[in-house]
Every structure is written in C-alpha cells, then in structure tokens.
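Undergrad: Taken in sequence, the protein lines are chains Y and W. Numbering-wise (the numbering used here), the first sequence opens with residue 1 and increments by one. Numbering-wise (the numbering used here), the second sequence opens with residue 1 and increments by one.
These aren't lab readings, by the way, just hints derived from the structure by calculation. Keep in mind that a hint or two might mislead.
Said to hold, decoys possible - Each computed DSS-like pair below joins lysine-lysine, with the alpha-carbon atoms no more than 30 Å apart:
hint, chain 1, residue 1, chain 2, residue 2
1, Y, Lys-137, W, Lys-193
2, Y, Lys-137, W, Lys-239
3, Y, Lys-137, W, Lys-184
4, Y, Lys-114, Y, Lys-95
5, W, Lys-239, W, Lys-202
6, Y, Lys-38, Y, Lys-109
7, W, Lys-14, W, Lys-4
8, Y, Lys-137, W, Lys-4
9, Y, Lys-109, W, Lys-85
10, Y, Lys-143, W, Lys-253
11, Y, Lys-137, W, Lys-14
12, W, Lys-302, W, Lys-274
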Amino acid sequence: MKKEGKQLSVSAIKNGTVIDHIPAKNLFKVISILGLDKFDNQITFGTNLDSKKLGKKAIIKVTEKSFIDDDLNRIALIAPEAKLNIIKDYEVVEKYSAKLPEEIIGIAKCVNPKCITNNENVTTRFLVLSDNNIALKCHYCEKITDQEHMEIQ
Amino acid sequence: MKYKSLVSINDYSKKEILRILDLAAEFEEHPQPQLLNGKVVATLFYEPSTRTRLSFESAVNRLGGRVFGFTDSSSSSVTKGETIKDTIKTVSNYCDLIVIRHPLEGSALYASEEATVPVINAGDGANQHPTQTLLDLYSIKKTQGTLEDLNIFLVGDLKYGRTVHSLLMAMSHFNTTFNFISPKELNMPDEYKLHLDKLGLKYYEHLDFTEIISRADIVYMTRVQKERFSDPMEYEKVKNVYVLKNSMLENTKSNMKVLHPLPRVNEIHTDVDKNKKAYYFTQALNGVYARQAIIASILGLK
Ligand SMILES: [Zn+2]
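Just chain W, same shape as in the assembly (with noise of 0.2 Å):
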C-alpha cells in the first residue's frame, strides 16, 4: 500500500478498515518484534494524554522500532511560540512517521499536509480520533466475529462525542442498526442521521435503554457531562438514566458486549466489570494491535 497519513476515519475505505482489521489480528496472533528494526516514530502530544500515547509506544516498542517526542506543549519549544508548521518540518526530518495530538481541531490535517513523513492523527480537539474508532471495530469483530449485520446501541453523549460519531461513519459501511440513547439536549446531530438515511440504513432513538437493551449485540457507553447542560436542573434528572448497572445485563444476548473508549468516570457502574460482557479492559488491549497495524500499514511494511 502506498503510504498515506491517517487523519480521519474517513480516509479509510471499507476494504482498507477491513485490512487493518486483519492485520491487527495477525500482530495479536503471531508478534513481530522485529519488523520496525531501524525505524523511528516521533509522538508529538501537544496535551497529556498519557492512555493513548502509552498505547502507541507500546505498539512501536512491539515491533522493535524507536519512539522519541514530547508530551505536553509546556516542556516543549512550542511554549516558545513556534507554530505547528516549523515544528513538523523540523520532526520529519528526524523521523519515520509522526503520530500528533492536539487540542485544535484541523491540526493533523495541516500537520499531514506540512509533514514529508506519514502522519498518523491520534486525536484532534473534537474532531477525529482515527485510532480510536479503528480499536473499537478490531473490538466488535474480535467478539463478533463479523461487522456485517450487527446492532450497535450508542449511549451518553451522542451530540458532542467524536468517538460514537467516527464509529458509526465507520460501521455505516457494515449494515449495521443503530440505537441511539441519549437525552434530548445531547441527540445525535442531524448530519450524521442524513448520512444513515441516504444509504437507507436503520437508526432509533431513545430516552432510555433498559427496556430495549436484549437487542443489543454492541453496548457502546460514553459520559454525560454536566458542563454540557445549559440547564444544571436537566442534568440532575437524567443523570442516572445513562449508568450501566450489572443488573441490566441480566436478559442481554450471549454475545453482547459492553464497549466504552475509556477512561470511564460513573457512567459503567463498577459491579458490571465482573461480567463477562464488560469488555472495555480487553478493548484498551486491542488499541496496541490496532495501532501496530496502523503503523506497519503505513510504513508499507504490511
């Protein structure tokens, strides 16, 4: 494959996911501790992000490569006001591939575009977090055994959540049903119920999920934020609404699972992390293999 960045979800085909797909269940089966020997990957973390930065190191590390970079622009020279661009320009000189997070949304594109090395997006303000989304669906195959067919109930934050908004982009390609559940004030924005709509897929929405939750193959949980709610009083009346307690598991399919990008705050009540169906620890797992495919993919090297 021709390298090119991975900036959105979107730059992905069907058939491209489904490639990365398998080859993170190829890295997962048969480690290759030396297929990265001799190259260098610079993570630049313009803001802490300790999960995700840990995870993609940690895949480099797993095929034998070299990562160097920054986390937090504070200790950097970017405190010293230079621009993404000098910045980049400079890094690609001294690397292989960059992975970059930061807070402004369009940073990894302009980064990709400036770079002379592939760019890989590893989160852009609100706006994509490729890496995530391609994690989550090496996560629901993994368990699934398929992505063909499946029902993927989302839950929370539908409005402002990217990662629910790049997994559906990314799911519309599987005939997937979609349950949103969400309060009102956080709705899943037109935008993407217009794209399920134009190729004729189903979505439902809801207030609440207790009582449609046996239909689920994928339980997908993110947080309801306070801050989000112009009025604090809404807040307090559904906060509850949107917790996952053990004991709604009880008439769930066999092969469901619970999904969540973490880190979680009180959204997945902690007495449902026994259950077989909680499966956000072993998801985490899955961003290394996720990430190696990534990385090999791009650097041609797969």
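Looking at chain Y on its own, in the form it has when it is part of the complex (with noise of 0.2 Å):
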C-alpha cells in the first residue's frame, strides 16, 4: 500500500485488515454484509474520502481480524473495486482484489415482488450480469434487478 496522505486520513493500524476503494454510499452495506456491526474488534472507517476511481470512497480498518476471500466476494457486488489488504506490523503482506462470482446465492433480493423468492422460503440466486454496471438476473422469476434496486437480505 503507498503510503500516501489521503490514504491517512484514518488511522493505520499496526494488525489487520484494510478494506479499500467501496462507494462511500455503499459503506454500510457493506458493514451489514461483512456483520461488522456484530464484531467487537476496533474498528474504523471514514468515508467520503476523495477518490479518482469512485468519487467519494469508503474505507474500513478492521483490528485484529483476517477476512478470506470469500467474504470480499459477497462485497463484490455493491463494491466491485474493493481492495482488501491484510496488514501485519503496519505492512501489507498480502492484498486481494474483490472478484464477482458468476452466482450469487441467498444475498440479493429479487426486486419482482411476484417473485416466488418474494413470497416463499426460498434461497435467492442470480446469474451475475456484468456489462458496465452490475445486475443480477433472478434464477427463478427472469428479472433483472439493477444496481440501483439491489437490496441485501
């Protein structure tokens, strides 16, 4: 990671995990989806961080903790640009980039109210759309939820 000023505006941390580039207005999406809110580690996070790429951005420093990838690619769909570093002794020893799976099964909501998954105890799943933006094409119903519609169960 370089060390630059803005990527200090919130504080380093000396063990842990660096969450980076997430949509400022997406942050607590992805608080939710990760269950930070649930953690009792020290957490930290600023947002509306000037960004080339996003605009504003998000970024979250979780203390003591190591995410896998898994949990990046549950983000991946409301923040597809998101890098996820693992620091020891203030050092990136490792990054990973988020990648979108081609499925997405049980964290969308379809946005089709009729839609068997809307009304039925029944698992989500969506084929991954990818043009510029995301959209998911429900599994069940065939509709297409975008970006703008997606909800996280």
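These two chains come separately, so use the hints to put the complex back together.
TA: Structure follows, in structure tokens:
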C-alpha cells in the first residue's frame, strides 16, 4: 500500500485488514454484509474520501481480523472495485481484489414483488450480468435487478 | 431422451423443439390411446385456467393416462398455509409427472427443483408458459409447412405479453423476420430486440399495420388492455388500431394465418371468424397434440 496523504486520513493499523475503494454510498451495506456491526474488534472507517475512480470512497480498517476471499466476493456486488489488504506490523502482507462470482446465492433480494423468492422461503439465486453496471438476473423469475434497486438481505 | 422438466421455452434447443413438433404431428395422425397406461399425472392449478387445464387433461386422457389434481388454491390445503415445497414433495409421491400453474413468477422452476418427478410449467404468472409456445409453433409449422424464413407480425401488447416474448425467443431459431405492431407504451422490450440484434435477425416496429399486413405469413394478435396505460386518453386514442377486422385480410397472402392465444375479447372482430385465415380455434385444438408430445417425451415414452 502506498502511504499517501489520503490513505492516512484514517489512522493506520498495526495488525488486521483494510478494505479500500468502497463506494461511499455503500459503506453501510458493506458493514452489514460483513457483519461488522456485530464485531467486538476495534474498527475505524472513513467515508466521503476523495477518489479518482469512485468520486467519493470509503475505507474500513478492522484490527486483529483477517477476512477470507469469500467475504470479499460477497461485497463485490456493491463494491466491485474493493481491495482488501492484510496488514501485519503496519505492512501490507497480502492483497486481494474483489471478484464478482458468476452466481450470487442468498445475498441479494429480487426486485420483483411477484417472484417466488419474495413470497416463499426460497433462497435467492442470481446470474451476474456485468457489462458496465452490475445487474442480477433472477434464476427463478428471470427479472433483472439493477444496482439502483439492489437490496441486501 | 433423459427426463427433464419443461419450465421455460429456453430449456429446449432448436432440435428439441422440432422433435416435439414432429411428435405432435405423429399423435395427430395416429392417436395412441395406450401409451400412458398405468401413468398418473397431477395437475396443480393454483389459479383457475380452465382452458389450459382441460387441454392438459384431454392430452393425458387421450394417451390413456390418469389425471388428478386441484384447481384454484382456495379449495386445497394451500389455503391452510402449506408451502409449494411441501405440496410438491407430497404430490411427487403420488404421480409420474406434475403440471403446475401458479400466479407467482419462478414458482414452476422452484417446484421442479423440489419435485422428484418431472414438472411441466402451465404458466407462472407473467413469466413463462412454454406449452403455449410449443402449440403456437406447431400451429405455425402446420399451416406454413415450415418454421424457416417466415414473416411474423406480433400485434398488440408486446411489452407485457409473455406469449409473444416466448414465441419470439423460440422463432429466433428459424431465421424469422419480425414485425412488431404496438402502441408506444407497449413496445417490445429492449432485451428481446437485443437478442435479435445479436442473432442478426431483422425486425421492424410499427404503430399500425393496415398498410403492411399483406407481407405477413403469420399475424399473432394479443389484447391491448386499458389497465396498461397510465393515461386513459392514450388508450382511447389507440384502442381501435389494434383490432383486426375481416376487411383488413383482403390483400393478404394466401398462406397467411391469424393466431391468438385465446381467450379473445375484442381484438379480433367476430367477422374474422369465418375467414379461412382465422386459425385461432384450430390453434387451441393443436394444444392437445402439442401437450401429448411434451408429456410423452418428458416421460421417456417417445
Ligand atoms: Zn425473482
């Protein structure tokens, strides 16, 4: 990780994980998908930081905790540019990029109120369509849920 | 053929579609009243659709099978809150094949995942109704002698009409030229036009069809419903444009046929009914042959 001024707007951590390049507007969704609101570890986050790529970005730093690829891929849906840095002794020892899986199971909600998944206890399943913006095609009703209407369960 | 459910018309390849249509022709010519001996088919109709249910039941009976089931969930355990999953799991024990109609979209696919016997989708809300599509294709093939290189007119509500969407998807295997005739509010959705673009198929959009109907091989009519318009004045303006009258058929091709998924309200004037080009009642009869073919194929009997 390059130690630029912007990166330092949220204080550095000794050991743990830094998740960077989260679109600012989705920070709280990411927190909820990763279940950070139920963590006891020390967590700092910054939001509305300037980003060339995203306009406004957010960053999350969790001390003493390593996430796995799977966690990261779960947030790829709403933070496709996210980067995960594992920090040991103030140094980045591993880096991952979020990778959107081809299929999303059980995270998002189908936008169609008449979909079986919104009416019976059925686990949602979507095919990921990613041209420019990510959209999800429901395995069941075939309707497309776009980013704007994406709701995380 | 290995058994598989029929949930969406997209489950069938071009080859499989043609195979079903050949089988349908075989059943039309040579009825096989013993083929389903000892087989039991369940028809689970969570909403009433008498036409479709009778067509399925007729198909099973004409092949010598037995049918049981329910129609309209108000008369069944469904009202007591039983889930689709539990109903399907239970009914799977009692039959060789399930035919399901349900108002929720995706319900038939879900049922096919939970069932231990094959499932045929007889309509899941606004989503899919593949047996309707196969009977449409059978009607087209029967009247035109082929499915290749035809000019198909889709008329009316092209935005919400699931039958026209499925027909478009299925016909896109056959080098079809499409003419879409609808009010602006009810245009063919972009995803279908994109699909045709990808395949390099031609399509044209029109607001009216009196001038161009002479080019059609098939005119597929659907109803333009008032409720689809946000502005009732818009409906009043266009409501008569999408009504087919006998006088409009004068200069049409001799092979041209008028199709409609039925029930009709007023989108085809009754003066068309006696015209030889009106095919919608025979189309409904073709549904029995098409469904016989689908059932026999799915059960691995053909
Ligand atoms: Zn859905």
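Undergrad: Quickly compare the C-alpha distance for Y:Lys-137 and W:Lys-14 to 30 Å and report which way the hint goes.
TA: 23 Å, holds
Undergrad: Are Y:Lys-109 and W:Lys-85 close enough, with their CA atoms no more than 30 Å apart?
TA: Distance ~20 Å between Y:Lys-109 and W:Lys-85 Cα, so the pair holds.
Undergrad: Taken at face value, is the distance from the CA of Y:Lys-95 to the CA of Y:Lys-114 at most 30 Å?
TA: Roughly 41 Å separates the two Cα atoms, so the pair is violated.
Undergrad: Take a quick look at whether Y:Lys-137 and W:Lys-4 sit within 30 Å of each other, Cα to Cα.
TA: 22 Å, holds
Undergrad: Does the structure keep Y:Lys-143 and W:Lys-253 at a Cα separation of 30 Å or less?
TA: Measuring from Cα to Cα gives roughly 38 Å; hence the hint is violated.
Undergrad: Does W:Lys-193 sit within 30 Å of Y:Lys-137, going by the straight-line distance between their CA atoms?
TA: Cα-Cα ~18 Å, so holds.
Undergrad: Can you confirm whether the C-alpha distance between W:Lys-14 and W:Lys-4 stays at or below 30 Å?
TA: 16 Å, holds
Undergrad: Run the distance test for W:Lys-302 versus W:Lys-274: straight-line Cα separation, threshold 30 Å.
TA: 37 Å, violated
Undergrad: Hint check: Y:Lys-137 vs W:Lys-239, CA-CA at most 30 Å. Holds or violated?
TA: 34 Å, violated
Undergrad: Holds or violated: are the alpha carbons of Y:Lys-137 and W:Lys-184 at most 30 Å from each other?
TA: 26 Å, holds
Undergrad: Holds or violated: W:Lys-239 with W:Lys-202, Cα cutoff 30 Å?
TA: Satisfied, since the Cα-Cα distance of roughly 27 Å is no more than 30 Å.
Undergrad: When you check the alpha-carbon spacing of Y:Lys-38 and Y:Lys-109, does it fall within 30 Å?
TA: Within the cut-off at roughly 22 Å; holds.
Taken one by one, the earlier hints fail for this structure at numbers 2, 4, 10 and 12, listed in ascending order.
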